[in-house]
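For this one, chain A is given, so just place chain B on it according to the hints.
Those protein sequence lines, which keep their order, are chains A and B. Numbering follows our numbering, with no gaps: position 220 of the first sequence is 220. Numbering follows our numbering, with no gaps: position 431 of the second sequence is 431.
It should be emphasised that the hints constitute simulated quantities derived from the structure, not laboratory data. Note that this is a predicted model, so its numbers are computed, not measured. For every residue, glycine included, the Cβ atom is placed at its ideal position computed from N, Cα and C. It is possible that part of the hints are untrue.
[As the list claims (entries may be wrong)] Pulled a few chain B residues facing chain A out of the computed Cβ check, cut under 8 Å: (1) 153; (2) 156; (3) 187; (4) 188; (5) 220; (6) 288; (7) 298; (8) 353; (9) 356; (10) 359; (11) 379; (12) 381; (13) 410; (14) 414; (15) 456.
Number of protein chains: 2
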Amino acid sequence: MSPRRYVRPVSADLTDVAIVGAGLAGLTAARELRRAGLEVVVLEAQDRVGGRTLNHTFDDGTVVEVGGQWVGPTQDRLIALADELGIGTYPSWDEGEHLIELSGVLRRYDDEYFGLPLPTMIDVGVAQARIERLAGRVPLDTPWDAPAARRLDSETVASWTRRNLRTRLGRDFLRVVVEAVFSAEPEDISMLHFLFYIRSGGSLDNLTRTSCGAQDSRLRGGSQEVSLRMAAELGDAVHLGSPVLSLAQSAEGVTVGGYWGQLDAARVVVAIPPAVIPRISFAPALSGRRAQLHAKMPPGYVIKCMARYQHPFWRDRGLSGQAASPERPLAITFDNSPADGSCGVMLGFLEGGHARRASAMSEVARRELVVSDLEAYFGPEAREPLEYVEQDWAAEEWIRGGYGAHLAPGTWIGYGSLLREPEGLIHWAGSETSPVWNGYMDGAVRSGERVAAEIADRL
Amino acid sequence: MSPRRYVRPVSADLTDVAIVGAGLAGLTAARELRRAGLEVVVLEAQDRVGGRTLNHTFDDGTVVEVGGQWVGPTQDRLIALADELGIGTYPSWDEGEHLIELSGVLRRYDDEYFGLPLPTMIDVGVAQARIERLAGRVPLDTPWDAPAARRLDSETVASWTRRNLRTRLGRDFLRVVVEAVFSAEPEDISMLHFLFYIRSGGSLDNLTRTSCGAQDSRLRGGSQEVSLRMAAELGDAVHLGSPVLSLAQSAEGVTVGGYWGQLDAARVVVAIPPAVIPRISFAPALSGRRAQLHAKMPPGYVIKCMARYQHPFWRDRGLSGQAASPERPLAITFDNSPADGSCGVMLGFLEGGHARRASAMSEVARRELVVSDLEAYFGPEAREPLEYVEQDWAAEEWIRGGYGAHLAPGTWIGYGSLLREPEGLIHWAGSETSPVWNGYMDGAVRSGERVAAEIADRL
Numbered sequence: 001m002s003p004r005r006y007v008r009p010v011s012a013d014l015t016d017v018a019i020v021g022a023g024l025a026g027l028t029a030a031r032e033l034r035r036a037g038l039e040v041v042v043l044e045a046q047d048r049v050g051g052r053t054l055n056h057t058f059d060d061g062t063v064v065e066v067g068g069q070w071v072g073p074t075q076d077r078l079i080a081l082a083d084e085l086g087i088g089t090y091p092s093w094d095e096g097e098h099l100i101e102l103s104g105v106l107r108r109y110d111d112e113y114f115g116l117p118l119p120t121m122i123d124v125g126v127a128q129a130r131i132e133r134l135a136g137r138v139p140l141d142t143p144w145d146a147p148a149a150r151r152l153d154s155e156t157v158a159s160w161t162r163r164n165l166r167t168r169l170g171r172d173f174l175r176v177v178v179e180a181v182f183s184a185e186p187e188d189i190s191m192l193h194f195l196f197y198i199r200s201g202g203s204l205d206n207l208t209r210t211s212c213g214a215q216d217s218r219l220r221g222g223s224q225e226v227s228l229r230m231a232a233e234l235g236d237a238v239h240l241g242s243p244v245l246s247l248a249q250s251a252e253g254v255t256v257g258g259y260w261g262q263l264d265a266a267r268v269v270v271a272i273p274p275a276v277i278p279r280i281s282f283a284p285a286l287s288g289r290r291a292q293l294h295a296k297m298p299p300g301y302v303i304k305c306m307a308r309y310q311h312p313f314w315r316d317r318g319l320s321g322q323a324a325s326p327e328r329p330l331a332i333t334f335d336n337s338p339a340d341g342s343c344g345v346m347l348g349f350l351e352g353g354h355a356r357r358a359s360a361m362s363e364v365a366r367r368e369l370v371v372s373d374l375e376a377y378f379g380p381e382a383r384e385p386l387e388y389v390e391q392d393w394a395a396e397e398w399i400r401g402g403y404g405a406h407l408a409p410g411t412w413i414g415y416g417s418l419l420r421e422p423e424g425l426i427h428w429a430g431s432e433t434s435p436v437w438n439g440y441m442d443g444a445v446r447s448g449e450r451v452a453a454e455i456a457d458r459l
Numbered sequence: 001m002s003p004r005r006y007v008r009p010v011s012a013d014l015t016d017v018a019i020v021g022a023g024l025a026g027l028t029a030a031r032e033l034r035r036a037g038l039e040v041v042v043l044e045a046q047d048r049v050g051g052r053t054l055n056h057t058f059d060d061g062t063v064v065e066v067g068g069q070w071v072g073p074t075q076d077r078l079i080a081l082a083d084e085l086g087i088g089t090y091p092s093w094d095e096g097e098h099l100i101e102l103s104g105v106l107r108r109y110d111d112e113y114f115g116l117p118l119p120t121m122i123d124v125g126v127a128q129a130r131i132e133r134l135a136g137r138v139p140l141d142t143p144w145d146a147p148a149a150r151r152l153d154s155e156t157v158a159s160w161t162r163r164n165l166r167t168r169l170g171r172d173f174l175r176v177v178v179e180a181v182f183s184a185e186p187e188d189i190s191m192l193h194f195l196f197y198i199r200s201g202g203s204l205d206n207l208t209r210t211s212c213g214a215q216d217s218r219l220r221g222g223s224q225e226v227s228l229r230m231a232a233e234l235g236d237a238v239h240l241g242s243p244v245l246s247l248a249q250s251a252e253g254v255t256v257g258g259y260w261g262q263l264d265a266a267r268v269v270v271a272i273p274p275a276v277i278p279r280i281s282f283a284p285a286l287s288g289r290r291a292q293l294h295a296k297m298p299p300g301y302v303i304k305c306m307a308r309y310q311h312p313f314w315r316d317r318g319l320s321g322q323a324a325s326p327e328r329p330l331a332i333t334f335d336n337s338p339a340d341g342s343c344g345v346m347l348g349f350l351e352g353g354h355a356r357r358a359s360a361m362s363e364v365a366r367r368e369l370v371v372s373d374l375e376a377y378f379g380p381e382a383r384e385p386l387e388y389v390e391q392d393w394a395a396e397e398w399i400r401g402g403y404g405a406h407l408a409p410g411t412w413i414g415y416g417s418l419l420r421e422p423e424g425l426i427h428w429a430g431s432e433t434s435p436v437w438n439g440y441m442d443g444a445v446r447s448g449e450r451v452a453a454e455i456a457d458r459l
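Looking at chain A on its own, in the form it has when it is part of the complex:
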């Protein structure tokens, strides 16, 4: 790959397709369009590719993923792509007992009931069955056609939960689940969107499982490797450090502009998170409906934290490294050690309100918060990691949050039909536009394939 700054005057010859954003969606689109014989240019604001996937290399050479990382069954498009690129997968560590902290007491469990007391288990079980049943009826291409869609879209997951769970602990537990799945709080999310998202990934059970679920496996070399290899294939077509700040459509094409210069393209793919689309000046201006759609898709708030240890010491005590607590800021942890177990890596998420509050702290205080929660779960050995890394996705100015955007109440009903509808010569990609595995890496790949087919049909 030889990315370089792209400075070129308005060209006499038109590029076939300009792609805004070199994440999984944009790069997949570029690759597919080139395969279809079209000329592509990919413009990326940041100095790297991969979007919401990002590798970090610890001092000992261990590569970890500080963005999206997992892959699981039915994520067929991501799996096929990784395969083509020669990137293997390996199972996430999922052996041993898990931990849950309830009312200040740590419990071990190894069944599917999360160590919940019986009344809570029943409460959560009944609610989950109801959720799975409702989710099963949401048509992925047209969620607004689901039974009672208008009503479901008019309330938050929080108010639905309050009505449908009877136990305090059950509600707290479901909050942890929602925050783990969305990095957003039950207050933020339309109940219809919650159901759509569950159906999009198969089932709630599927979204929350490690083995055989959405957290089943990891990609060798780290998830960013997928984007790195696609960019390498695309070579000079990928331009880093080149934010697109304007898209001006005429009958002939689209003039794509930024401080780096400008170029003309027959079609444009916008493959960036909805929260940063407003940074582009569109001419003619986007319709009011489109602008409001983007304004009603706020991102979640996640800080992903990892601590490296000499050894995955929790395994020695029969623990899987998976812990959860409805009370702690670090509400969810995973064993994220390398496949060969050459060192131990503990992964924890600060999500939603926890992340927001932690983002206001100093780096030192935040690390202390994370490490002391790890200590509470896994004992004093967790106290002194060899290395620590964290990634605040909301602070990234070209991304603004993670894992993905969610639809606020009223948005599916009011604006959903615009999600994939081209605006003239401009097409929309990104995981948020995918009916299947929406919000996941697989959804991003699918959106790139879909948009490429859309354009290849028209050029």
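Same frame as chain A, but now just chain B:
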């Protein structure tokens, strides 16, 4: 006033304060800061001042307001400002019987009960009393400290309404009220925000009243006249057609940039709607929390429509011109004729989903929709207006919606404390930042005064 394009190299001498946006908030701030002896530059993206106020002159010379227009008791800062600028007020037309359409039947009423059947009246009355009581307990400076704030912020007005109103008609009626007050739907709005907003304007009764309420009076010459006169006073300091696209802070000040050039300022006031703040590139990048706050303040959707007739013919039949319907797209109308009654102007609002759907129509079809609803309310004479004008605020690329922004569920609790908190040398104004008359012209003026005091204290 002699506005001109502003092109100036980075200056050796610093402007004291650069103000982004020449609406009521920005212009008030500029005026106050200049009074405090400071040098100001106001940069406005559009080719006009006034923000969400805008006059339209019909062919016969009648001036009407296609943006914010009314002023009422306790809007003291706007009233004082208009007074200083020599702009008088006159009462909105509020004589005659009002119309309400219920289950397809038009009823006249002239009391405070909106012609509702008794059970509905009781239902709405009880709910309103509860709303007023809850609203009365919301502290305007810190709504997150209200009793049960977390719970109220975790649900939408729609889900609260469903639980608290027993009759279908009562719920439908409340929907019309919410949409008339916010131009957003009950699905979109946090219940805590709804209560805050009501308290901010005194009471729900106050917000919905014409005489002695928020729609009491109009400004002579149209509401934009306030901004036009402030801009005239400020003269060369106001620069039109000058969108601010970048704000770069250093220890010494802020470099303000755009295609028009750049300038240095000691402090900056951002006085534009939250939805368009993401169009500015900030360096250093805004914090994740700040960026997410803006992402969680979507604007309402309103198309304001006016039809001019030879004569306010509805008055002859004893009608006030005020009509409402839970079923019609044009859910609310007013008599907006000039003070001297020299012609008749009928004003109707398309709000929320009605506006969104109407915005997708052709101009001809939308006018037909509006005129046929006017005909349904006021009879065949409404069929042929002499002139028609409409303003879709969501389509305005530097505004993106109206009347104002509302806070989505979870936003007050999660982000509310950032609303007026300066980010380094950057201060925030605009009606959405005002504790009093939030979302109204008066709130905009108050926010301008507040931000000017904030800065004068520090320079």
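Hint by hint, here is what the structure shows:
For residue 153 (chain B), the shortest C-beta to C-beta distance to chain A is roughly 6 Å, which falls under 8 Å, so the interface hint holds. Checking residue 156 (chain B) against chain A by beta carbon gives a least distance of about 5 Å; that is within 8 Å, so the hint holds. The interface hint given for residue 187 (chain B) is met, as the beta carbon of that residue sits about 3 Å from the closest beta carbon of chain A, less than 8 Å. For residue 188 (chain B), the interface hint holds, the least distance from its beta-carbon to any beta-carbon of chain A being 5 Å, beneath 8 Å.
For residue 220 (chain B), the suggested interface contact is broken, since its CB lies about 31 Å from the closest CB of chain A, more than 8 Å. Nearest Cβ of chain A to the Cβ of residue 288 (chain B): about 3 Å, under the 8 Å cut. The hint holds. A distance limit of 8 Å between C-beta atoms decides the matter here; for residue 298 (chain B) the minimum to chain A is near 4 Å, and the interface restraint holds. Checking residue 353 (chain B) against chain A: minimum C-beta separation of about 6 Å stays under 8 Å; hint holds.
Hint status for residue 356 (chain B): holds, given a least beta-carbon distance of 6 Å to chain A, under 8 Å. Of the supplied interface hints, the one on residue 359 (chain B) holds, with its beta-carbon coming within about 5 Å of a beta-carbon of chain A, less than 8 Å. Restraint check, residue 379 (chain B) versus chain A: the minimum CB separation of about 32 Å is more than 8 Å; hint violated. A distance limit of 8 Å between C-beta atoms decides the matter here; for residue 381 (chain B) the minimum to chain A is near 32 Å, and the interface restraint is violated.
Taking 8 Å as the C-beta cut-off, the interface hint given for residue 410 (chain B) holds, the closest approach to chain A being about 3 Å. Taking 8 Å as the C-beta contact cut-off toward chain A, the hint placing residue 414 (chain B) at the interface holds, the least distance being around 6 Å. This hint is violated: residue 456 (chain B) has a C-beta 28 Å from the nearest C-beta of chain A, more than the 8 Å allowed.
Going down the numbered hints, you'll see the structure goes against 5, 11, 12 and 15, while the others check out.
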